[in-house]
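Q: Using the hints, put the two chains back together into the complex; each one sits in its own frame.
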Amino acid sequence: MRRVNQERALAILSPLAVIGLWQLASYLGFIDLRYVPSPVSIAEAAWDLTLSGQLWHHMGATLRRLVVGFVLGAVPGVAIGMVMGLNRWVRAALDPLVAALYPIPKIAILPLLMLVFGLGDGSKVAVVAMSVLFLTIINTTAGVIQLERIYFDVARNFGTPWHKLFLRVILPGVLPNIFAGLRISMGVSLVVLIGAEFVTSRSGIGYLIWTSWETLVVENMFVGIIVITVLGVVSTFFLHECERILIPWRND
Amino acid sequence: MTGQPDKIRIDRLGKTFGEDDVQTVALQDFSLSVREGEFVCIVGPSGCGKTTVLRIVAGLETPSSGGVVVRPTVVPEARPNTTRRQPQNAMVFQEHGLFPWMSVIDNAAFGLEMQGMRRHERYQKVAPFLDMIGLGGFHEHYPQQLSGGMRQRVSLARAFVADPNILLMDEPFASLDAQNKLIMQDELLRIWEGSQKTVLFITHAIDEAIALGDRVVVMTALPGRIKEIVPVDFPRPRSVVELRADPRFGALQLSIWRMLEAEVRAARQQPKA
Numbered sequence: 001m002r003r004v005n006q007e008r009a010l011a012i013l014s015p016l017a018v019i020g021l022w023q024l025a026s027y028l029g030f031i032d033l034r035y036v037p038s039p040v041s042i043a044e045a046a047w048d049l050t051l052s053g054q055l056w057h058h059m060g061a062t063l064r065r066l067v068v069g070f071v072l073g074a075v076p077g078v079a080i081g082m083v084m085g086l087n088r089w090v091r092a093a094l095d096p097l098v099a100a101l102y103p104i105p106k107i108a109i110l111p112l113l114m115l116v117f118g119l120g121d122g123s124k125v126a127v128v129a130m131s132v133l134f135l136t137i138i139n140t141t142a143g144v145i146q147l148e149r150i151y152f153d154v155a156r157n158f159g160t161p162w163h164k165l166f167l168r169v170i171l172p173g174v175l176p177n178i179f180a181g182l183r184i185s186m187g188v189s190l191v192v193l194i195g196a197e198f199v200t201s202r203s204g205i206g207y208l209i210w211t212s213w214e215t216l217v218v219e220n221m222f223v224g225i226i227v228i229t230v231l232g233v234v235s236t237f238f239l240h241e242c243e244r245i246l247i248p249w250r251n252d
Numbered sequence: 001m002t003g004q005p006d007k008i009r010i011d012r013l014g015k016t017f018g019e020d021d022v023q024t025v026a027l028q029d030f031s032l033s034v035r036e037g038e039f040v041c042i043v044g045p046s047g048c049g050k051t052t053v054l055r056i057v058a059g060l061e062t063p064s065s066g067g068v069v070v071r072p073t074v075v076p077e078a079r080p081n082t083t084r085r086q087p088q089n090a091m092v093f094q095e096h097g098l099f100p101w102m103s104v105i106d107n108a109a110f111g112l113e114m115q116g117m118r119r120h121e122r123y124q125k126v127a128p129f130l131d132m133i134g135l136g137g138f139h140e141h142y143p144q145q146l147s148g149g150m151r152q153r154v155s156l157a158r159a160f161v162a163d164p165n166i167l168l169m170d171e172p173f174a175s176l177d178a179q180n181k182l183i184m185q186d187e188l189l190r191i192w193e194g195s196q197k198t199v200l201f202i203t204h205a206i207d208e209a210i211a212l213g214d215r216v217v218v219m220t221a222l223p224g225r226i227k228e229i230v231p232v233d234f235p236r237p238r239s240v241v242e243l244r245a246d247p248r249f250g251a252l253q254l255s256i257w258r259m260l261e262a263e264v265r266a267a268r269q270q271p272k273a
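So the sequence lines, in the order shown, correspond to chains A and B. Note that the first sequence covers residues 1 to 252 in our numbering. Note that the second sequence covers residues 1 to 273 in our numbering.
Errors might be hidden in some of the hints.
Some chain A residues close to chain B (C-beta under 10 Å, calculated; not the full set) [unchecked claim]:
hint, residue
1, Tyr151
2, Asp153
3, Val154
4, Phe158
5, Val169
6, Gly173
7, Gly232
8, Ile247
9, Trp249
Rather than coming from a laboratory, the hints here were simulated on the basis of the structure. All C-beta atoms in this analysis are idealised placements derived from N, C-alpha and C, irrespective of residue type, glycine included.
Looking at chain B on its own, in the form it has when it is part of the complex (with noise of 0.2 Å):
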């Protein structure tokens, strides 16, 4: 497409769940390459196997066919005083992802803690982040004296402190309410606007998708499949409140939405995989 190399390369691949006489196929023939820097939404009805490419992408899950390639970020020079390997992913879990007896500072510092990473070290690192996203003052708190989206910010701070090599977000803010929503997608926006990860985030809200992504996949009902890929031209940096009010926007949702809609309703008359 454009001359940025491809940064994740998803080579025609297909996944199977189950024992020999009841083999549900919950993803085939999915490919997609995503550039360097660039935000991928993939949206698809509920069940549809999107969670499943998201979980291959990271290791926690073999494929049955097919492949993933992720090129590794070229460090211009070795990092002086550190044997740290960058990670090669970080996941942002659905909800309940964190762990109830860690701090939200240590929540945060989990993925440095598990690179080795010397207590004091990491806290001077992430602390500023935890700044940043309006958490300086719950340090010490554990996540169930948390709100909601306090709760999904920490997530999104572990992930991107652990500075890994790409960003895969499995449907981040989809417990929040409404409000919070829009603002964590805001506040998303403008961590990754600073960061330039690449991001494959998952979602089943088309607004959301238009909102965040450069390129909204969407996929079929079972077994799932690509079956369009949607480029969204919204210049950033973006405000998801002020884009939400762009006639363009709801154009697009709608025939995104028409695209969808048929594969919904397949999904709706699908026993549970």
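Chain A extracted, bound-state conformation (with noise of 0.2 Å):
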């Protein structure tokens, strides 16, 4: 146990000891400020964005098309896998599609997607949906396809009902595939997310980044680095949760 604590509290000193060398290079002049601000002056930063409210209007933004999207993504891409992962006929159908679809870099086709969702939130959701999408349904349709054939001969002996069948075997059986495709699939869309922000955006901490970048406000942009690193490491807690809750027999 006394290790364990040990452990925790090295896990939180070694970052402070990091920033606090960083505050201390800035002071001594080892840091050209230009490029890398002090801590102390992006904690300026960010308080000040805090309270004119910029912050919380970029990360409602980009939460919000992460969100959205990775939804409109997911739910699609579990079903679609399912079926394909069910039904060799529909399989057999869609492989070929899904293959061609998937290796192309979704924020290839953001403009495109501009073209037909607008300059709006429409296209940054549209492009974060067919990111999750095609890692969603590869995975799902794996985890259905991997299921073991015993524990479809066991439930056919035990004369299992079909939705019985679904919602008792197949769906707990593929859970841990589906999770596996949406945190890889979260660590994507973040990327694409912010990608699209760059070029396309009045708000959203790509956005944000982007115009600091532009005016040389090299404090804002680390506060946008910062914020969205909070972003992944926070939504990829969030899928560790539900994950813990949902398939409690991996737990250990």
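A: Following this line, the structure appears as structure tokens:
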């Protein structure tokens, strides 16, 4: 127990030490403040952005696009993946399509999506959804196919009706794979969304970072980078917690 | 044979696997009658089609020829307050047959759940059974938290608790170590002797077949046919461990081995089906 606590303390202390050293180095003039501002000045910038409401505004915009796009990609992704996994004809029909569309870097079709969905939130939500969709399809399909044959035998042997087969056998059996897909999707979504916000947005963390670069307000740029990092950590943690609750048998 | 009516009648069963050009005859002209309450073991070399027999009886596979008739249990009076029908059969699978995402009690109660029994009621029915097989303290555990022996006990519980017409077992103890196997065989006999179910038990272990069965069906290498049916007259209730010390046990084991030996050698020459 003691050792665990010591490890935790170290895990917290080491980043703090790095920040301390960073501040010290800034103070002593070892770092060019034009490129890398000091931690204190970044904190001040964050404070100002928070007070003016800008930070919340941008964070809200990014979060909204992320969540809506994620759900719009994940829900049909799981559904299509399930059908593809369960039905060999559907799989044979859709496999080449998925295989062809999956490798396209989704940011590459952003201009196309802007033509279709306009310059507003629509195209950003769509590009996130597209990124999530294919990853979810592929992982869900693989999960269904990998389900042990014996589970279906057991279910048939006990006269399992179709809806119970789905709810009690197939869905829980595939859940770990679905979450594996969602975790990867979350990382990809953030990358794609920030990229989209760089080029075509009036709001969002990506926009904040990009305009800060254009106006050379480096402190704000760092605030944006830190916020998006925290967003990534929090969303991963959220998925992890969902997993812990929904897949309790995988806990150890 | 005796006055007991046949519970399972397997009639000239045949099964062929594969496409038109590469066909494997897994099973040929397999006929067997099992009496009500009888424990019949089927032994044979690996890949001789013994599992296919069981899967066909279970309805998991369709025969290419022949058929299986299982006589339903005659219930003296309809069970009150229940619309559940008794399952035709319940199978105990080799291993990995438990659902990793269900707790021990949910796994054991799976058959009852599929029959539409309410959670409270099925837990009430399963709990005493889990107590009996020493898993009373493990209701909420998941299969991967259990040893192999415990997992197979849950599988047994699942099959017995569903109260099926007949029980089918496909090498249920094959993956257990020698000591656990003996204990499980004894436990199975104890549970079975209380239930008087008709059992069809597949194994490749001659000693296991003799220790458990009323009769041992010896199968040939592919295509699987019946080579010989050997009656086992040891009185019941049996103790597996004591039985093995009986000189007649060894003699029987040797004579079945003599029958099987040529088939095992033949099976070694065959490609994997």
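Q: Could you run down the list of hints and mark each one as holding or not?
A: Outcome of the hint check:
1. With 10 Å as the threshold, the beta carbon of Tyr151 of chain A comes within range of chain B, its nearest partner Cβ sitting at about 6 Å, so the hint holds.
2. At a threshold of 10 Å, the smallest CB-CB gap from Asp153 of chain A to chain B is about 6 Å, leaving the interface hint in force.
3. A distance limit of 10 Å between C-beta atoms decides the matter here; for Val154 of chain A the minimum to chain B is near 6 Å, and the interface restraint holds.
4. Because the smallest distance between the Cβ of Phe158 of chain A and any Cβ of chain B comes to about 4 Å, under 10 Å, the interface hint for this residue holds.
5. Using the Cβ-Cβ criterion of 10 Å, the hint placing Val169 of chain A at the interface with chain B is satisfied: the shortest such distance is roughly 7 Å.
6. A hinted interface residue such as Gly173 of chain A counts as satisfied when its beta carbon comes closer than 10 Å to some beta carbon of chain B; here the least separation is about 7 Å, so the hint holds.
7. About 29 Å separates the beta-carbon of Gly232 of chain A from the nearest beta-carbon of chain B, more than 10 Å, and the hint is not met.
8. A distance limit of 10 Å between C-beta atoms decides the matter here; for Ile247 of chain A the minimum to chain B is near 8 Å, and the interface restraint holds.
9. A distance limit of 10 Å between C-beta atoms decides the matter here; for Trp249 of chain A the minimum to chain B is near 4 Å, and the interface restraint holds.
Hint 7 from the list above is the single one not met by this structure.
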